[in-house]
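A.B. asks: One-letter residues, chain by chain:
Protein chains: 2
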Amino acid sequence: MLESTTGIYFASELLQLLRDGQPRTRSELAAATGLSRSTVAQRVDELMGVGLIASLDAAASTGGRPSARFQLNTDRWLIIAIDLGAKHCTVGLTSLRGDVIVSERYATEVSAGPEPVLEEAVATAMRLIEDTGRSVRDVAAVGIGLPGPVEFATGRPENPPIMPGWHHFDTPGFIRERIDVPTLVDNDVNIAALGERALSPDGGDDMMFVKVSTGIGSGIISGGRLQRGSRGIAGDIGHVRVASGRPVRCHCGNIGCLEANASGPAIIEQLNAKGLEIGTNAEIVARAREGNFLVAQVLRDAGRMIGEVLTTCVSVVNPATIVIGGSLSAAGEHLLAGIREHVYANSVPLAAEGLIIVQSRAASTVGVVGAGILAAEHVLSVPYVEEQLRLLRATAS
Amino acid sequence: MLESTTGIYFASELLQLLRDGQPRTRSELAAATGLSRSTVAQRVDELMGVGLIASLDAAASTGGRPSARFQLNTDRWLIIAIDLGAKHCTVGLTSLRGDVIVSERYATEVSAGPEPVLEEAVATAMRLIEDTGRSVRDVAAVGIGLPGPVEFATGRPENPPIMPGWHHFDTPGFIRERIDVPTLVDNDVNIAALGERALSPDGGDDMMFVKVSTGIGSGIISGGRLQRGSRGIAGDIGHVRVASGRPVRCHCGNIGCLEANASGPAIIEQLNAKGLEIGTNAEIVARAREGNFLVAQVLRDAGRMIGEVLTTCVSVVNPATIVIGGSLSAAGEHLLAGIREHVYANSVPLAAEGLIIVQSRAASTVGVVGAGILAAEHVLSVPYVEEQLRLLRATAS
Numbered sequence: 001m002l003e004s005t006t007g008i009y010f011a012s013e014l015l016q017l018l019r020d021g022q023p024r025t026r027s028e029l030a031a032a033t034g035l036s037r038s039t040v041a042q043r044v045d046e047l048m049g050v051g052l053i054a055s056l057d058a059a060a061s062t063g064g065r066p067s068a069r070f071q072l073n074t075d076r077w078l079i080i081a082i083d084l085g086a087k088h089c090t091v092g093l094t095s096l097r098g099d100v101i102v103s104e105r106y107a108t109e110v111s112a113g114p115e116p117v118l119e120e121a122v123a124t125a126m127r128l129i130e131d132t133g134r135s136v137r138d139v140a141a142v143g144i145g146l147p148g149p150v151e152f153a154t155g156r157p158e159n160p161p162i163m164p165g166w167h168h169f170d171t172p173g174f175i176r177e178r179i180d181v182p183t184l185v186d187n188d189v190n191i192a193a194l195g196e197r198a199l200s201p202d203g204g205d206d207m208m209f210v211k212v213s214t215g216i217g218s219g220i221i222s223g224g225r226l227q228r229g230s231r232g233i234a235g236d237i238g239h240v241r242v243a244s245g246r247p248v249r250c251h252c253g254n255i256g257c258l259e260a261n262a263s264g265p266a267i268i269e270q271l272n273a274k275g276l277e278i279g280t281n282a283e284i285v286a287r288a289r290e291g292n293f294l295v296a297q298v299l300r301d302a303g304r305m306i307g308e309v310l311t312t313c314v315s316v317v318n319p320a321t322i323v324i325g326g327s328l329s330a331a332g333e334h335l336l337a338g339i340r341e342h343v344y345a346n347s348v349p350l351a352a353e354g355l356i357i358v359q360s361r362a363a364s365t366v367g368v369v370g371a372g373i374l375a376a377e378h379v380l381s382v383p384y385v386e387e388q389l390r391l392l393r394a395t396a397s
Numbered sequence: 398m399l400e401s402t403t404g405i406y407f408a409s410e411l412l413q414l415l416r417d418g419q420p421r422t423r424s425e426l427a428a429a430t431g432l433s434r435s436t437v438a439q440r441v442d443e444l445m446g447v448g449l450i451a452s453l454d455a456a457a458s459t460g461g462r463p464s465a466r467f468q469l470n471t472d473r474w475l476i477i478a479i480d481l482g483a484k485h486c487t488v489g490l491t492s493l494r495g496d497v498i499v500s501e502r503y504a505t506e507v508s509a510g511p512e513p514v515l516e517e518a519v520a521t522a523m524r525l526i527e528d529t530g531r532s533v534r535d536v537a538a539v540g541i542g543l544p545g546p547v548e549f550a551t552g553r554p555e556n557p558p559i560m561p562g563w564h565h566f567d568t569p570g571f572i573r574e575r576i577d578v579p580t581l582v583d584n585d586v587n588i589a590a591l592g593e594r595a596l597s598p599d600g601g602d603d604m605m606f607v608k609v610s611t612g613i614g615s616g617i618i619s620g621g622r623l624q625r626g627s628r629g630i631a632g633d634i635g636h637v638r639v640a641s642g643r644p645v646r647c648h649c650g651n652i653g654c655l656e657a658n659a660s661g662p663a664i665i666e667q668l669n670a671k672g673l674e675i676g677t678n679a680e681i682v683a684r685a686r687e688g689n690f691l692v693a694q695v696l697r698d699a700g701r702m703i704g705e706v707l708t709t710c711v712s713v714v715n716p717a718t719i720v721i722g723g724s725l726s727a728a729g730e731h732l733l734a735g736i737r738e739h740v741y742a743n744s745v746p747l748a749a750e751g752l753i754i755v756q757s758r759a760a761s762t763v764g765v766v767g768a769g770i771l772a773a774e775h776v777l778s779v780p781y782v783e784e785q786l787r788l789l790r791a792t793a794s
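Chain order of the listed sequences is A and B.
My numbering applies: residue 1 is where the first sequence begins, and numbers increase by one.
My numbering applies: residue 398 is where the second sequence begins, and numbers increase by one.
Keep in mind that the hints were calculated from the coordinates and are not lab data.
Some but not every residue of chain A turned toward chain B, in silico, with C-beta under 7 Å: (1) Gly34; (2) Ser36; (3) Ser222; (4) Ala234; (5) Val240; (6) Thr312; (7) Leu350.
Just so we're clear, the structure is a prediction, and the values are computed from it rather than from any experiment.
We put the CB at the ideal spot given by N, CA and C, even for glycine.
Take these sequences, add in the hints, and give me the full structure.
C.D. replies: Right, here's the structure in full:
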C-alpha cells in the first residue's frame, strides 16, 4: 500500500557512504553507520577485494593500522563511454566519478548497421586504453548513447528511424563478446541530459535537455531522476503534432510532427524552397552566424514550433531549466528566441515563473560525460555491488 | 558528479526493514542488517519509545525474552485524511498502512474561504475520532488534498482559481494550531494519483491519473514516484491549449485551454447553447446514462480534446496506464471513447503499445486513501523518524 520502501543492503551501503569522496577509518565507518566493528572490517576487506575502495596508506593491509583511511577507488577503473550520432561517434574513457580522461571524435555512418559501427567504436576504445598505458582489465563498464529509441532494460534499439539494421539488435551482447563487462545503452538525449546535469551549476534536479539536430528529442530529469517512462521513451517530443506547423508527412508515418517541421532537414527543405541552397545542419549554423535574414527567420519559426511543444511540457513536467542542445543550437539566438517567445507568452504563470531556458554549454562532450555517468552509476549501484560481493564470497569459499 | 547517493540513516533503517509487515526478533534484525546486537537492542527500544514499532508479545519489555518479535505499529496511530473538492469534502481516518478506518462525505463550498472550510473538516475529524473511541493523541499526521495548485514544500495554495481567499493561506499552520502534528498538503489530483496507485493491480509505477470535473488536471507517477516538478505543478494539463478546441477565453486569462473546452462548465455551456437545459455535472452524467444523444456527442468531443493533450503526455511521460477519474468519468463510455480514439490514433506506436486507458474504480474514496498515504509516508520517512529519535534522546538526557 505504501508509496516506497528503502532497499536494505547494509553490506554495500558502506560504499554509498564513501561516495562523497571523504576518506574514513574503520572506526569512523563503524561510528557513522552503527555497524559492528567486525562487520565493518569484513565489508572493508570485501570492497577492497573487488577493487571498489582503496586505502590511502599504500602500506595498509587487511587487519593493518587502525588509523588507515579508505576511500572510493575511482582511479582504479575505467569506463568506456560511447556517444554515437547519425554521422559521428565520440569515444571516451572516464573515471568512476565521470571525469573524462581522454576522448576522440570521428566521422561514421550509423546507417551502416550495428556490427561495423560498434566494432569501430570498440577498436577506438581499445586504442585509447593502450595509448593511456592502461589495460582492458581496468574497464569496469561500458556506457553507450544511440541516436534512436532504446529499450533501456535490454539495451536494444526499438524501430530507430535513422538506424537501418539496428532494430532489436543486442547491443550489450555484441559489446560483451569483445569486452565482458556490464554494458548500459540508452538513447542519446537521455545520456546528454545526464551529462548536462553533471555540468549544471544548480544541480539540475528538474531539467529538460532538448536536442535540435537531424532529429528532435528530449531527456527529462525530474525530482533528481532521469525519467524513462514505462517503455523507455519518455521525452520523445519529436513526434508530437504542432498546431502551428505545416501538415507535412513525417518519416514516422504521422502528419505534422514537430520533427517534420522544425528539425535540420525540415529547415533545409524550407530554405531550399525559398531559393537558398543549403545542404547540411552545419551550413544552417554558418549562414545564421553570418547574419542571413532568411535563415534567421526560418530558425525563429522553428523555435516557435519547438516552443509550442515545450509549453505543454512546462505544464506537464514543470522543469526549472530547459537546456537547448544539438547541432542547431549552435546557430545562436534565433532558435532560442523563438522558443523563449512561445514558452514565456503561453505558459501558466506559476510554471513560467523562474523557468530558465538556456543553450547547452557543452554540446560536443556532454554525451560522453553522460554515457560515463550512466555506466559508473551502475557499477556503484547497490544491486551490482551486492552481486560482486556475492561472487567474491563464492570464489573464496 | 554522480547521479544520486543514498542517504545513510542506519538508526531508522531498521524501521524501513520492518515496513514489509513481517515480524522479526532482535537477532533476526541483527542478522538481516549487520548491525551489532547492542545497536539493534538500542534502536528497537528507541523505535518502541516513539511508538512506531511494537512487540507481538505484550509481556516483552526492554531486555525481555530474546525470542520477542517486533513489527510496525500500524494500528497505534491514526492519520486524518481530508479530500476537499469544490463543493464537497470527505474526511477519513486511516492507519499507517493507508487502510481507511472510517470516512464521511458532506457538502461544502470551498469558495467560503479557508477558515470555515478547514474548521468544519477538523471538527468532523474530531467527531470521527471520538465516535471510534480513539483520542486526538493517537493522530500521527494530517494529509489534505485541495482542489487547486499547492506549493508542496509549504502547503500553501498558489493562486487557486476556484478558491477565493486561499492564495498563500498557511494551511499546515492553521491545522497545527488545532492538532499539532505534521500536516501535508497537496493538490487533489496528486493525492488521487497516490490513491489510485494503492488500488492498482499492476503496482502503478508509471501511471497518470486524470481528473475531469469542474476543472481538468492530472497527477503523474513515473518510475514509482509522484512527480511534482520544480514548483509542484507537474501534471497541470487543464491550461494546455487544444488545437481542436474553440478559441474561448479561460478563467486563467489564456485562450483555448483544455479546461475552457472540455470541463464540466464548458460541456454545460455547449449543451445549453444547443437548447438542452443542464446545470450541473451530475445532470450531465444522468443524461448520458439515459442515452441522450446530444450529451453523448458533446462528451465524446470533450474526450477527443482531452485525448489530444494526453497524446502529447504519452510521448513526454510514457505512462503504462492512464486512469480517468473525476465526476464526469462516471458518465460512462462516451468520454472514455473520445479519449481512446484520439490517443490510440495519434500516439507513437512504441508508447501506445501496451498503454491502458481505464476509468477510475474508486472515484469517491480514492482521495481519502491518497491523502492518508501522503501523510503516512511522511510519518515513516527516514528524515522524520530520525527527528523523532533525536527528540526522544534529547528528552531522555
